[in-house]
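Novice: What follows is each chain in one-letter form.
2 protein chains.
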Amino acid sequence: LTNLPGLLEENVPKHHRSTTIRNSEDEMFTSVVVVVLIPAGYSNGFRGQVASAGLLDLLDEGVPGVGTYEDFNTIDWVREKSKDRDRHREINRQKKQSDLALLLSLIDAFSGWLLMLLIGLLSGALAGGIDIAAHWLTDLKEGFCMKGFWFTHEHCCWKSNETTFQRRNKCPQWKSWAELMVGVPEGASAYVVNYLMYVSWALIFSYLAVILVRAFAPYACGSGIPEIKTILSGFIIRGYLGKWTLLIKTITLVLAVSSGLSLGKEGPLVHVACCCGNILCHLFTKYRKNEAKRREVLSAASAVGVSVAFGAPIGGVLFSLEEVSYYFPLKTLWRSFFAALVAAFTLRSINPFGNSRLVLFYVEFHTPWHFLELFPFVLLGIFGGLWGALFIRANIAWCRRRKTTRLGHYPVLEVVVVALATAVLAFPNEYTRMSSSELISELFNDCSLLDSSKLCDYISPGKGGERAANFSMTTNGLADRAAGPGVYTALWQLVLALVFKMFITVVTFGMKVPSGLFIPSMAVGAIAGRLLGIGMEQLAYYHHEWPMFKGWCSLGAKCITPGLYAMLGAAACLGGVTRMTVSLVVIMFELTGGLEYIVPLMAATMTSKWVADALGREGIYEAHIRLNGYPFLEPKEEFEQKTLAMDVMRPRRNDPPLSVLTQDGMTVEEVEGMISDTSYSGFPVVVSHQSQRLVGFVLRRDLVISIDNARCCQDGIVGASRVLFTEHTPSHPYQGGPPPLSLRPILDLSPLAITDHTPMEITVDIFRKLGLRQCLVTQNGCLLGIITKKDILKHMAQMANRDPDSILFN
Amino acid sequence: LTNLPGLLEENVPKHHRSTTIRNSEDEMFTSVVVVVLIPAGYSNGFRGQVASAGLLDLLDEGVPGVGTYEDFNTIDWVREKSKDRDRHREINRQKKQSDLALLLSLIDAFSGWLLMLLIGLLSGALAGGIDIAAHWLTDLKEGFCMKGFWFTHEHCCWKSNETTFQRRNKCPQWKSWAELMVGVPEGASAYVVNYLMYVSWALIFSYLAVILVRAFAPYACGSGIPEIKTILSGFIIRGYLGKWTLLIKTITLVLAVSSGLSLGKEGPLVHVACCCGNILCHLFTKYRKNEAKRREVLSAASAVGVSVAFGAPIGGVLFSLEEVSYYFPLKTLWRSFFAALVAAFTLRSINPFGNSRLVLFYVEFHTPWHFLELFPFVLLGIFGGLWGALFIRANIAWCRRRKTTRLGHYPVLEVVVVALATAVLAFPNEYTRMSSSELISELFNDCSLLDSSKLCDYISPGKGGERAANFSMTTNGLADRAAGPGVYTALWQLVLALVFKMFITVVTFGMKVPSGLFIPSMAVGAIAGRLLGIGMEQLAYYHHEWPMFKGWCSLGAKCITPGLYAMLGAAACLGGVTRMTVSLVVIMFELTGGLEYIVPLMAATMTSKWVADALGREGIYEAHIRLNGYPFLEPKEEFEQKTLAMDVMRPRRNDPPLSVLTQDGMTVEEVEGMISDTSYSGFPVVVSHQSQRLVGFVLRRDLVISIDNARCCQDGIVGASRVLFTEHTPSHPYQGGPPPLSLRPILDLSPLAITDHTPMEITVDIFRKLGLRQCLVTQNGCLLGIITKKDILKHMAQMANRDPDSILFN
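So the protein sequences, as listed, match chains G and P.
All residue numbers for the first sequence refer to full-length UniProt numbering, where the first residue is 1 and numbers rise by one.
All residue numbers for the second sequence refer to full-length UniProt numbering, where the first residue is 1 and numbers rise by one.
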């Protein structure tokens, strides 16, 4: 793993290529070893000349490499699902024969549920560990617990007897760095020391994070959701969900979050959960050997990720369904739900927030909302949509600049500089100094009378004590009140924090450290929402006679809840960036636990989605997928053009004709020549060059492996041997010639073929729904061409006036 | 509509046939009228000989009938979606040309949301009306409000000043029938009068319900969910979602629920919501003219149905996704959610339960559950699964008996007899006399100290007042207590009610009145759960020193909540019958509003599903679909057999060859002969009879209409005219012959074809995912046969050792 230095300076595709080579070498090595070890079994399976279905199974097992995929290729869902059904049938057949097989079949049937349980437990435990570690490291930036360095600030004071309820975060055991170093808790010198320590720790954490990512697991950077979406749609990226990525991402995520950079842990937690899923898949043959089945598990794992990130299991499942997954059968729905629940409860047992709540931001509002408030709610939606669309544009422009200019050559420096800027600018402002999750918590909070935070510094109404007491009696002290000086200070600080967060998040997302986008987006929205909420509240307090407040917002009534505005703002901004709707509403609903606020949430997120969609169709994840050139066929985007399959298929007009094999007219040498002359990943087999009638399709990889194996291990196969794809090999060998090589077993007899007049919209639909890798095109029964997923993606890019060469992989 | 008498005596397929004829006559009539009115426009569009795509559009508009479906046929999803995309492209093209068109395109884009809003409003209003009316009629069985006959019992006493909190259902304004008729409220004669009135009203309501269904809308019977599932999968049943069905189902649902029959209103509410959806679709051309788009709306409408039935919008959406829908794109997810919310809030504004709660059974539990309680929870799951599986078998056996014996000839008598039996047996037992929803509410209820119901008649602990006071102080009066005599009476009555409900529900579901299954299933489960809960509670109270209770269930602690057991039992039984999982958990979660009980719910429903699945794979809706022979391709069931397309396709071996058209070798007369000789719904077009190479596919309906139209309106088309499907008609007409008829515009140039070696599992997958109606089978490029959806269903039935002729429709 130490042969990866320098990779990070280059852009992503380059890494990919490097790792490809490394991986395929590894694989080749394995193949050779296995062939040497089991030549008897193999040639036995291969010499059979009758193409029975059983032989195909044997071959799948016997010839190593047949039926697997190269790195950066797209899987064939149809074939993978067939393989799984074959396996299932075999188990069903055997289970009638012995009790052991019956037991094994039961184990097999429940292995999916067991796997879900394990994923839930492991991801929940990891998420709990990450939460605790990040808490501790974040507090380390401030100071140190004298009782033991492993205590967080809260934990340190929790156990102290000298902590009062009012100032529960002050206790003698917790020393700020200033107290430890210069011995004074307040004053200019203390401020400077604290400032310096804050910045230094931020630099250390971020430097460690980027160095670790760079040295051990380049795939651990970013949020991971664009790549996971691509993987779930059927792409192979070896190592992306491996154990090194898991380890490094877990560690660097803690460091990155603690460093104070404007990033969240939600996207990376999805990546971590998917790594857990992928690694645990190796325990079960069923999932280890089947790419399609494994993707079902990964879909469930991404639900687990969101479930532990927010403590919202239903929201997690819907997130997986709405945002991440490609193929989501009902079975996966049930299993995702189960896994998400297990994970959420594991996390709750670990209890990292110390409040035995499942959710990250627990809020409870007591005031119903009024119909007229929908107007400011929609305003928040518009803000969220605008910010989402602008953020995506700015972030993509910045990331493109990173890929194309010299900026991309210094990833470590970039992270350190951004961390420095963040820390230096963040420290002076209380609301940027605290971690984003704390900030969101505070902004969501509905002020009670006991609250000591600046945001809750309201002036008790009335001057006389009697009136105030009377007042608070009638309204339980929850009425709207005039803002005090603390609130006004907080307002200014929040405005500055909003501007700062808006800019810094653009440059942060996409750096070479694990970085999620949920929390920063929510923070921006929550600040904006709280500002609007306080504004509305004061408006209603001072102008309760205005017609718009009449009837529902009289003096002494609690009518505006600024915390609710903050929550809606957060939802709107997150919706604008990711374009989630239902899952977002459900996550927020699980946070608050009340059906009451579904309508405001719906109004805000829907407005946000509409506004953002009007400015640009893509969410941040799709935009990053396109930026990186992954072969992802967006299931949401409708194909609008009226082109036909013949416009897209290769060969184009004036191109040389399609490379095809004939079913009985070619020799081994000719086939090998064709393989080395072309780079296609598969070849159609036709009856003859004259008729061009389609017989089947054979994959390049299978062909290469089979011919190599036959040449080395099968008697009499030479360059002049005929390659036969026909059902019956002639009983008498060719006069004088060498024995023929029957490759019928590796021939796919059921390639999907469409006619040249098939509209592309239907073709795209077929590719999406069946998960095809390629499709043949015929005209009046004769083979005319071939369409691959890449052709479709290029065509779609062309139609949308984008650069068709941006799609990099197959 | 009066020509339907006698239909009900026959079995369902017969009706279908009758209505088919009636409907297609209606349609023919319409076609003729339109043809007479617009012959110019039509022949204009038809005379064009060049097969451009624009012409096809014109034809779709111009020739009435082309592109529509017969009753009891399956739609072609691919074609419908293509049609919609064409329409969309046309709007996009036009919107660049004028401001009006731009406005129209905006209206078109938002029409889906508008439609959802309307469906939500209408369904919510109807559900509110049904709730109020059913409440009133149910109370009418008991007595009468002297203040006004339109008040329900609760409403009557609500307004009375003489109502006390303890006995809030007793007030002088509300008179029982005994008081009104014999003047005494208690005693034997009063009991007899009340008994007789109860039975008489039940008979009147049920008789009215069945008579109305029989006379005006035979489709209004049953729950409707099996048919809606079939319709959503692409089947056409004309009139099933029409205005008469809506009207009659709404009225008879109220009557059936009020009659005290063991049925619920949840399934029928889904049907009512779908009727609303279908009727409102007619306001928008986009949805009126496109069967696929309309099904998206209906998917959302079924979410609305569950949303208003339980007040659970998220549960409703998941129900639609998990249980009802076939094609559920993300767009539909968003819209369903929106519609479900609108409907839930409309219902809440109407406030039919008078408690301003959204949900049907609001419960709030205060006690956390203990890990060891999972054992009884799983027991409830097993009970639910067993009951579900047995109920399905018994109910299907009974329904089959109704279809095959003389029983089915007397639907009115059957309903009246069952209603009589229900009323006579139900009245003596308090728990069966009350409506099922009330019963469930009472069983879910967590006893507080103030509760006056028999189920809460616990003995206050300790003899001495001091100890009792002390005790209630420490535990807030919520501790487990010993059961009093009321509880023991209630236990016996509940056991009897359980047995009664279990039997009567089997014969009730499937009768010719609107009948839902949710509430009766939940009632059975809730009774069983409450019984177990009380048992556990008493066990814990008397044996709190047992090891299993040690540590969490000491004396004076509240450890068992019988209401929670009732809720879990209800979920388990409903899960056993319908095999819902996630949606069920979410519905129940929305009822209680707490994440706390998700794990118990999950344990109960999952166990229930596994147990029930082990005894029979099908849920009640699938079983009814199969019983009625609808062509429904179950998306959940995996196809396990290893057959190939060639084993399923027609023509079979020894059959006459496939009826095909050639692209330029047949005359109008020959084509007409083939149409009248066969009954296939479409014909493949090949290059020539010799080569059998596939060119396209043409639908019988389109062919008939086009030839008829050409014969009547196009110059020179006679029987000897050649029918051409080729791209270029010869520039000079055939020597001496009449002018040829080009039918290229109606030729589908992109029929999906698979090879004869395609495994059936893949074929089934293709049919399911693409929503195909038929698929052609080729071998080496030559047409070999055809597979229709019906062939697949028959094959699947055969493979599962069922009667393949049970599939009745195309």
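Bear in mind the hints are in silico, worked out from the structure with no lab data behind them.
In this text the structure is predicted, and so the values were computed from the model without any measurement.
Treat the hints with caution; some may be incorrect.
Chain copies aren't distinguished; within one or between two, either way the pair holds.
[To be verified] Taking lysine to any residue pairs in the SDA-like style, the calculated list, with each CA pair at most 20 Å apart, reads:
#1 K96 <-> K636
#2 K175 <-> R433
#3 K636 <-> L770
#4 K289 <-> G242
#5 K286 <-> P329
#6 K331 <-> R400
#7 K175 <-> R85
#8 K293 <-> K769
#9 K331 <-> E622
#10 K790 <-> A133
#11 K175 <-> E622
#12 K331 <-> K769
#13 K95 <-> M799
#14 K403 <-> E670
#15 K83 <-> K769
#16 K243 <-> L283
#17 K83 <-> V412
Novice: Tell me the hint numbers this structure goes against, listed in increasing order.
Specialist: 1, 6, 7, 10, 11, 14 and 17
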